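Asker: Start from the sequences, fold in the hints, and give me the full structure.
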Amino acid sequence: MTAEALEARPVPTADWVTIPDLHRNPFPIFRKMRDEAPVHWVPAVNRYMVTSYEACHIIENDQEIFSANETNSLMKRAMGHSMLRKDDPEHDVDRKSYGSVLRPKAIKEHWNAIFQANSDKYLARLKAAGPGADLIREYAAPYAAENLRLIMGFHNATQEDMQRWSQTMINGTGNYADDPEVWAASEQSYNEVDDAIDEILPYLRKNPDSSLLSGMTSMPIPLEAIRANMKMTIGGGLNEPRDVLGVAVWALLSNPEQLDRVLADTSLFPAVFEESVRWVAPIGMYPRETTRDTVLEGVQLPKGARLGVVVGAANRDPKIFEDPDSFNIFRAKKPHLAFGGGNHYCAGAWVAKASVAGIALPQLFAELPNLRLDPARPAVDAGWVFRGMTSLPVLWDSK
Amino acid sequence: MAKISFHHSDGNVDVLDVDPGTSIMRAAVTNGVAGIVGECGGQAMCATCHVYVRPEYLDGLPEIGDDEEEMLDCTTEERDGERSRLGCQLKAGEAFDNIEVDLPASQI
Ligand code: HEM
Ligand code: FES
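So the sequence lines, in the order shown, correspond to chains A and B.
In terms of full-length UniProt numbering, the first sequence has 75 at position 75, counting the first letter as 1, and numbering is strictly consecutive.
In terms of full-length UniProt numbering, the second sequence has 7 at position 7, counting the first letter as 1, and numbering is strictly consecutive.
Keep in mind that the hints were calculated from the coordinates and are not lab data.
Note that this is a predicted model, so its numbers are computed, not measured.
By construction, the Cβ of each residue, glycine as well, lies at the ideal position given by its N, Cα and C atoms.
A portion of the hints provided could be inaccurate.
Claimed, not checked - Derived CB-CB ranges, DEER-like:
#1 B:E82 x A:F330: 32 to 42 Å
#2 B:E82 x A:S100: 23 to 33 Å
#3 A:E36 x B:R54: 39 to 49 Å
What the hints assert, rightly or not - Below, a sample of chain A positions facing chain B; criterion: calculated Cβ distance under 8 Å:
#4 R103
#5 N343
#6 Y345
Answerer: Right under this line is the structure:
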């Protein structure tokens with residue numbers, strides 16, 4: 001045993017943590033855990049939960065000890081073995097197959113116009129539904145889904161298909177209870193996505209465009225990898241922009257002084273976006289597995305330990321962020337971990353920023369005068385592995 | 001061993017000896033040098049490893065690649081037409097044996 005390991009303390013157990021409590025509001029639980037130790041064994045979650053910023057940051061930057069290639073991964077079963085569950089060099093091959101599709105130049109040249117058209121379309125739908133409508137159902141969800149559909153090149157599917165595929169496969173990745181109905185729905189989407197890919201690839205070979213699938217037709221990448229990466233991207237590229245959009249609107253409407261400043265200076269929308277993903281990380285936790293016995297920020301971990309990297313907690317670590325539980329777009333700028341870090345750093349980060357901070361938020365506040373929460377029907381935020389607004393009824397002055 | 005000197009915007013200097021193959025970004029992140037974030041782990045994807053290379057070390061650096069070019073237009077502190085580079089794209093032993101860089105006041 002090394003000197004380091006001898007000095008390290010054993011992992012404390014947090015047997016008081018329950019999943020329903022986490023689902024309702026994880027932040028007081030995260031705070032209590034983080035105050036006690038950077039890592040806990042959590043029986044209800046069947047993982048070691050890592051809640052300090054420093055420890056999450058160490059994990060993200062060390063794939064030798066903290067592997068993304070988890071054994072018995074439910075994500076591999078639900079979506080196939082995608083880049084998100086590979087380490088380098090295998091991960092790098094898959095990641096490179098995404099080329100420049102999600103990068104700023106392509107966004108400027110191709111995607112911004114498409115995002116704008118989609119925002120126009122679903123804003124019209126929200127307006128038609130009228131004051132009192134749910135901003136998530138009428139606008140944020142279809143907007144995020146339609147953007148992703150076109151970025152990926154699923155010309156043979158609808159945004160409703162994208163939403164269904166995403167949700168059913170995500171439910172599969174979280175199906176720890178092994179519920180057969182959840183698996184059945186997840187497997188049906190798995191097969192539908194494979195069929196849609198098989199159908200569209202020949203079309204895109206003849207009619208190339210700027211999409212991910214079109215790019216794949218000229219990449220030396222096996223079909224198995226394409227299928228898994230597309231499923232993972234459906235699962236990881238739809239709910240997150242939807243959720244940050246909902247949280248950002250909710251946070252601004254709940255903080256009128258900050259809203260006034262933003263309305264007077266729309267160049268603040270990027271800061272609204274960054275603070276929203278910090279405050280409520282859309283992906284609150286993601287997995288890693290130790291490849292050997294190790295010591296993480298002074299705490300001992302055995303080889304094969306299944307970790308939950310709780311960036312939703314790290315983003316509220318008071319060692320890094322002053323007054324971390326408050327939403328404050330003017331706080332001192334510090335790098336948050338909502339997009340992960342290291343080699344799995346979110347491939348869609350620029351897309352999310354462009355579509356949400358660049359287009360959706362400014363347009364919503366410009367076109368819905370006196371946008372406000374509906375006092376009769378309070379907004380609902382929920383979740384912890386994924387967190388966002390499950391409903392956001394809003395009012396505005398319609399002419 | 002190669003040498004990297006980081007000149008912070010407040011005038012302080014950190015000097016590191018690094019193994020060949022280590023990028024400026026990786027050296028800073030693993031040694032806790034403030035002023036470089038390196039969110040994307042070196043994939044020329046985040047522009048949080050921006051450095052200004054001191055003029056006397058510009059000769060001999062590799063050309064700016066397409067991805068790096070694109071990211072240099074996304075930096076928080078203004079790009080310098082001559083001296084701006086991504087720290088993750090410059091590796092010891094390949095791009096330099098000895099280099100001095102100025103760090104921007106902010107990366108995010
Ligand atoms: C606010 C919105 C978003 C957030 C907060 C977010 C968050 C994340 C996080 C935390 C990871 C790393 C997970 C891990 O390391 O296990 C990740 C990876 C990824 N994200 Fe996002 N994401 C967002 C939007 C998107 C969008 C819009 C797309 C696609 C267009 C996308 C595509 C991906 C892909 C492909 C990966 C895997 C990268 C890799 O393994 O190298 N994301 N995202
Ligand atoms: S580390 Fe992200 S661009 Fe260099």
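Asker: Look at each hint and say if it fits the structure.
Answerer: Now the hints, each set against the structure:
{"no.": "1", "hint": "B:E82 x A:F330: 32 to 42 Å", "verdict": "34 Å, holds"}
{"no.": "2", "hint": "B:E82 x A:S100: 23 to 33 Å", "verdict": "25 Å, holds"}
{"no.": "3", "hint": "A:E36 x B:R54: 39 to 49 Å", "verdict": "46 Å, holds"}
{"no.": "4", "hint": "R103", "verdict": "6 Å, holds"}
{"no.": "5", "hint": "N343", "verdict": "5 Å, holds"}
{"no.": "6", "hint": "Y345", "verdict": "4 Å, holds"}
In summary, this structure violates none of the numbered hints.
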